[in-house]
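There are 4 protein chains.
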Amino acid sequence: MIKAGIIGATGYAGAELVRILTNHKDVQIVWYGSKSYIDKRYSEVYQNMFRIVEDVCRDDRLQELADQADVIFTATPQGFLAGILTEEILSKVKIVDLSADYRIKDVAVYEKWYGIEHRSPQFIQEAVYGLCEINRDQITPATRLVANPGCYTTCSILTAYPLVKEGLIDAGTLIVDAKSGTSGAGRGAKMANLFCEVNENMKAYGVASHRHTPEIEEQLGYAGNCDVTINFTPHLVPMNRGILATEYASLKRKPDGSLPSYEEIRAVYDKYYGKEKFVRVLEKGVCPETKWVEGSNYVDIGFVIDERTGRIIMMGALDNLVKGAAGQAVQNMNLLFGLPESEGLELVPCFP
Amino acid sequence: MIKAGIIGATGYAGAELVRILTNHKDVQIVWYGSKSYIDKRYSEVYQNMFRIVEDVCRDDRLQELADQADVIFTATPQGFLAGILTEEILSKVKIVDLSADYRIKDVAVYEKWYGIEHRSPQFIQEAVYGLCEINRDQITPATRLVANPGCYTTCSILTAYPLVKEGLIDAGTLIVDAKSGTSGAGRGAKMANLFCEVNENMKAYGVASHRHTPEIEEQLGYAGNCDVTINFTPHLVPMNRGILATEYASLKRKPDGSLPSYEEIRAVYDKYYGKEKFVRVLEKGVCPETKWVEGSNYVDIGFVIDERTGRIIMMGALDNLVKGAAGQAVQNMNLLFGLPESEGLELVPCFP
Amino acid sequence: MIKAGIIGATGYAGAELVRILTNHKDVQIVWYGSKSYIDKRYSEVYQNMFRIVEDVCRDDRLQELADQADVIFTATPQGFLAGILTEEILSKVKIVDLSADYRIKDVAVYEKWYGIEHRSPQFIQEAVYGLCEINRDQITPATRLVANPGCYTTCSILTAYPLVKEGLIDAGTLIVDAKSGTSGAGRGAKMANLFCEVNENMKAYGVASHRHTPEIEEQLGYAGNCDVTINFTPHLVPMNRGILATEYASLKRKPDGSLPSYEEIRAVYDKYYGKEKFVRVLEKGVCPETKWVEGSNYVDIGFVIDERTGRIIMMGALDNLVKGAAGQAVQNMNLLFGLPESEGLELVPCFP
Amino acid sequence: MIKAGIIGATGYAGAELVRILTNHKDVQIVWYGSKSYIDKRYSEVYQNMFRIVEDVCRDDRLQELADQADVIFTATPQGFLAGILTEEILSKVKIVDLSADYRIKDVAVYEKWYGIEHRSPQFIQEAVYGLCEINRDQITPATRLVANPGCYTTCSILTAYPLVKEGLIDAGTLIVDAKSGTSGAGRGAKMANLFCEVNENMKAYGVASHRHTPEIEEQLGYAGNCDVTINFTPHLVPMNRGILATEYASLKRKPDGSLPSYEEIRAVYDKYYGKEKFVRVLEKGVCPETKWVEGSNYVDIGFVIDERTGRIIMMGALDNLVKGAAGQAVQNMNLLFGLPESEGLELVPCFP
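Chains as they are written, first to last, in this note's numbering: chain A, 3 to 354; chain B, 3 to 354; chain C, 3 to 354; chain D, 3 to 354.
The hints are simulated quantities; they were obtained by calculation from the structure and are not laboratory data. Treat each hint with caution, since some may be false.
Given that identical chains are not distinguished, each listed pair holds provided it fits within a single copy or across any two copies.
What the hints assert, rightly or not - With a straight-line Cα cutoff of 25 Å, these simulated SDA-like cross-link-like pairs (lysine to any residue) come out:
no.: 1; residue 1: K254; residue 2: V230
no.: 2; residue 1: K286; residue 2: P342
no.: 3; residue 1: K277; residue 2: E168
no.: 4; residue 1: K42; residue 2: Y264
no.: 5; residue 1: K37; residue 2: E56
no.: 6; residue 1: K273; residue 2: G287
no.: 7; residue 1: K279; residue 2: R53
no.: 8; residue 1: K42; residue 2: G226
no.: 9; residue 1: K277; residue 2: Y224
no.: 10; residue 1: K37; residue 2: K273
no.: 11; residue 1: K279; residue 2: T24
no.: 12; residue 1: K286; residue 2: D41
no.: 13; residue 1: K114; residue 2: T311
no.: 14; residue 1: K107; residue 2: E220
no.: 15; residue 1: K277; residue 2: E56
no.: 16; residue 1: K37; residue 2: A194
no.: 17; residue 1: K254; residue 2: T145
no.: 18; residue 1: K254; residue 2: E348
no.: 19; residue 1: K286; residue 2: M3
no.: 20; residue 1: K42; residue 2: E285
no.: 21; residue 1: K37; residue 2: E345
Bear in mind that the values here come from a model prediction, so they are computed numbers and not experimental data.
Just chain A, same shape as in the assembly:
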């Protein structure tokens, strides 16, 4: 039985970890960390867990937890883990960090986009970027620290990855127009996230400045072995869960000036995802819908080639709390402990 601790268990991502791990046959949650609700029963904070979780919330003492747990999930604000992580802790326990602290390899980029000093840069190099479908071979029982990718990022990267990797699109033309449900904004009491402000409304935000931008660029840059600079525009949608990324890029033409065919593009997607359990490349003509993946760890991908403009429109959908956060974190944990990758993640999407 793997003993798991969760720091930040009362945020939406933390709560989703609890939901998933509760049904994971090889895991026992030993620590529900929550700064705001110390000593309060977890099921009072999330009444859906009444009679399912009996524990009370505890402090976020990583040190103490490291002695009790085999793995710690940190679903905490940026800077938290970086501020307290030590070699001693890492020597005792594996960590899957759902924050951005160790996702970006270049400290300067992190500090610029996040506006905070990175207080433990010495672990950045060791941290594995936990996008399992791409970096699976680096996530092993020997790995100590996994930087779990962001929700927008997972969706944006996986949707374009095979084409960037194979050099089929002009990476300089990539535009990601992403739409997210509101759970991505967290459970903090902010006026902008009130029901009446979000419902029946839609807006873009963080235009040309959202923090997930450099994360996408870095990872796609590794894929294409080139610098990638993109436009990434997130939007807030009146729904609880779900991210839909609509991505545009110019296809590279063949020597004869023609565009690659649907079948050729399809073959590339199948090359990378054909055997992936959690990536479903939809059939020709089918556009992904966020509801089709709700509650599950799937990413659905579709694409259309526009002969008129020479662009490909790629679309990816996932549940931001599952594949975009907690589900992927568990997928990483499974790899860290040599379990089947989909253990505890056989979640059938819930419709409607």
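For this one, chain A is given, so just place chains B, C and D on it according to the hints.
For chains B, C and D alone, kept in the frame of chain A given last:
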């Protein structure tokens, strides 16, 4: 491995059966019946099941299916099963009927409220009303036909049952004001159920005439060993899933004129539900919310005693597609086959 | 031109006052009071008013405003107006108070339900309860202080009023099950009102203890000339606007034991509302929907007689921010200044 | 008094025409045309209009209506008006067509994208494309036929128009990622538009093939005096009203390689829209939200320059039923009859 067939697999309740049975370790679905989509792949009708269900939809030939399956779920319109059920079929296969055909013991009442002739009344007596928490001992491997309760009904009955059973309320004063998400209206293309008609809107419907009324009255009548006549008012709410029943009844006063205390009422609820896995009586002062049970087989119940009026306000919440339909059907199936009652139903509510 | 000041202009009710008064041809808003946003442009707080309102928000100095305005609307928390109102202010300016401070004639009742001391009880008697359809003759140019009814209250009272007034129902049996959109909860940043907490969710709250209860009881008591004690249960619904009240009461039987007929009840509704512009008694068999009154000052009322139980089910729907708050306040203002009652309120409901 | 007839009065756009014209002081609606509801009272089809509209629905006999009306609005399916329009009709009455029949000047383009034959191409040249802010001087009392622009189109064009007109962006790089509320899909009973299918869901549709594409391209082509080929991707959002267009284009660099500044771009927007009542260019850093224009005729526009990619991200928001359909149609009607352009359109956006 139990071989299960579903007639009406492409309605919302049928689809929920598929979702639940897909993860039930002792069941294999052998027949996805759907009159409207014969020969179409099931995953094209419900794209969330892409790469999870590979089968195509088949006809609704109960006869043929009876030879192949151990249990048949009929998630079909009223009158369908009653029109084709035969002794021969029942001799071969168990049936869990999600329609109303065998719920009401008095044929005249059925025919009056449903406005159709009952074409196989000979099976009504045999059918067990599958509200497991109440009729568990009648649902056994010897049982052939289960009438799975309606969604409003399950919620309305379970919320008031202990108090009616113990004679604590004046059954003649019972009023059930119920609110339902829109999935209860089915997947048929009706203008009234379009997004723009339902969203940002709320209404009562079927006032003093809804078909679930006599079902509630009959079952509570058995509980109280008396005639029960209620007001039942359903409302349509702009959400996908969930039923909330707010029930009002006058508490019987004690000889000294006082009302029963919170603790006395609570003890009665605990007597009936204290050991029930799927009924959660909430703590004092906590009102149920539909979101806390979403996706799960739980019913959450709370109550408040109003000293001013001498009434008790009981509140019950469930997911209409799970405990109100497919989940309860699987719970019944488990009992029919001697499996643990919660097999395949360890569904943790999804929040948010 | 009537000079109007609004204290609390940046709450949802205050913002609705701005929306309505902006199009009122006889009114000029001279003061946008907002404690939280002093010196900020109003259109930055409500971007929908960009280029429509150029003013900045000001303090809530009632004294100073009284010298500049002909009428002041106070859309403020309970206790605010009672804490600062003086004879001097009332001698200079008319006040329409959207809070509860002067609605309840019995100070003890107010102080018990609201849990605060009333600091200017000397004005309670003078204040007119501004339910125009009932108290129109008391709201005249001679009136100085109007207590604008609450949203739940307006809906609950108007729906039952004619039957209580004419003694057709047993007032002791009245139960009001009310459902409200979330704007009624205000614009304050509370976790419980976050989109992800409210969306896809429904719950009762304030069961047997909501503050609007005594207000309904008092006004219906005046109508029926008797003590009225009711059950009032509010519910939170995932929509922005709208209140639906479903009300249950036992009809008094005639000497021959029969119930009044539909036509008889209808005639009573028509007697009171037949000439009312803002109360629409729907046709037989039609149940009100909140969407049909959205954005308008209408109250829609329907009813069904249940011969089985001897009860009548009455249903009323209104927009909580319009007839339930700002629209009614303007209706009162029109009466206070001798204007046509519907001036500025010819708002056609917006559908969808 | 202008006598107005509406063909297609029971669709959502037709109903919005009724809502707006009902409050237009110079217009009387004389004909509520509705093929589906002939002889039914209009207020039974749209209960929000109960006691506001007393008329019954009538046939769609354009000939007969032409004798009675001064202006006809056709809110009808593609091909309807083109199939019955005659010189005789146009000699009697002005027509504002909300369908696409006369929007596209090149018949071949129309027939290709709409897949139907155009049956009265002789009127195409005469028809004025009724985007008032751009073609105002062609919409005069002498004009007989106005092709009212589509909802996506109005938003997409107005958002980019000044920059295309002034040659500031490379028109070949323009990508329009648009999101629409569900009322744009109409009131027809289709499964895909059921509440449970749309709610909590988001998807792209008509990718690289949506019919509004050539309309945008044509109009922007006139503006830029060049061929414009774009990517246009519409998305369905779980809200009733509102379109948000997020548009991406590469800014042309100056001779020194620098990008235009915010102020330079702003000046261009102000040049074209500074005096426009219904186009609000938001302040620096403010992104439009659909809720801010709901129920009104406004288009809100914002933009951000991304120095990293050299692109500008332009965002436009409008209410698809008002500025995207009925409001713009009334704006056109006002021009056709020499009325103030904003007559009847002083609609304050409704928030929340």
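Status of the hints after comparison with the structure:
1. Taking the shortest alpha-carbon separations for K254 and V230, both the intra-copy value of 15 Å and the inter-copy value of 21 Å come in at or below 25 Å.
2. Proximity of K286 and P342 under a CA criterion of 25 Å is satisfied in neither setting, with 31 Å inside one chain copy and 43 Å between copies.
3. Proximity of K277 to E168 under the C-alpha cut-off of 25 Å is restricted to the intra-copy arrangement: shortest distance 18 Å within a copy versus 50 Å between copies.
4. In this assembly of identical chains, the alpha carbons of K42 and Y264 lie at most 25 Å apart only when taken from different copies (24 Å versus 55 Å within one copy).
5. Taking CA atoms no more than 25 Å apart as the test, K37 paired with E56 passes inside one copy only; the shortest distance there is 18 Å, against 43 Å between copies.
6. Taking the closest pair of Cα atoms, K273 and G287 come within 25 Å of each other only inside a single copy of the chain (19 Å); across copies the shortest separation is 43 Å, beyond that limit.
7. Taking CA atoms no more than 25 Å apart as the test, K279 paired with R53 passes between copies only; the shortest distance there is 9 Å, against 32 Å inside one copy.
8. Taking identical chains as interchangeable, the C-alpha atoms of K42 and G226 are never at most 25 Å apart, the minima being 48 Å within one chain and 40 Å between chains.
9. When the C-alpha separation of K277 and Y224 is checked against a cutoff of 25 Å, the pair qualifies only within one copy, where the shortest distance is 22 Å, while the shortest distance between copies is 49 Å.
10. When the C-alpha separation of K37 and K273 is checked against a cutoff of 25 Å, the pair qualifies neither within a copy, at 45 Å, nor between copies, at 37 Å.
11. In this assembly of identical chains, the alpha carbons of K279 and T24 lie at most 25 Å apart whether taken from the same copy (22 Å) or from different copies (16 Å).
12. In this homomeric assembly, K286 and D41 come within 25 Å of each other (Cα to Cα) only across copies, at 19 Å, whereas the closest approach inside a single copy is 53 Å.
13. When the C-alpha separation of K114 and T311 is checked against a cutoff of 25 Å, the pair qualifies only between copies, where the shortest distance is 17 Å, while the shortest distance within a copy is 35 Å.
14. In this assembly of identical chains, the alpha carbons of K107 and E220 lie at most 25 Å apart only when taken from the same copy (8 Å versus 46 Å across copies).
15. Taking CA atoms no more than 25 Å apart as the test, K277 paired with E56 passes between copies only; the shortest distance there is 16 Å, against 39 Å inside one copy.
16. Taking CA atoms no more than 25 Å apart as the test, K37 paired with A194 passes in both settings, with 23 Å inside one copy and 19 Å between copies.
17. Taking CA atoms no more than 25 Å apart as the test, K254 paired with T145 passes in neither setting, with 38 Å inside one copy and 48 Å between copies.
18. When the C-alpha separation of K254 and E348 is checked against a cutoff of 25 Å, the pair qualifies neither within a copy, at 38 Å, nor between copies, at 50 Å.
19. Taking the shortest alpha-carbon separations for K286 and M3, neither the intra-copy value of 43 Å nor the inter-copy value of 35 Å comes in at or below 25 Å.
20. With identical chains, the CA atoms of K42 and E285 are at most 25 Å apart between copies only, with a shortest distance of 14 Å across copies and 48 Å within one.
21. In the homo-oligomer, the alpha carbons of K37 and E345 never lie at most 25 Å apart, since the shortest distance is 29 Å inside one protomer and 36 Å across protomers.
Taken one by one, the earlier hints fail for this structure at numbers 2, 8, 10, 17, 18, 19, 21, listed in ascending order.
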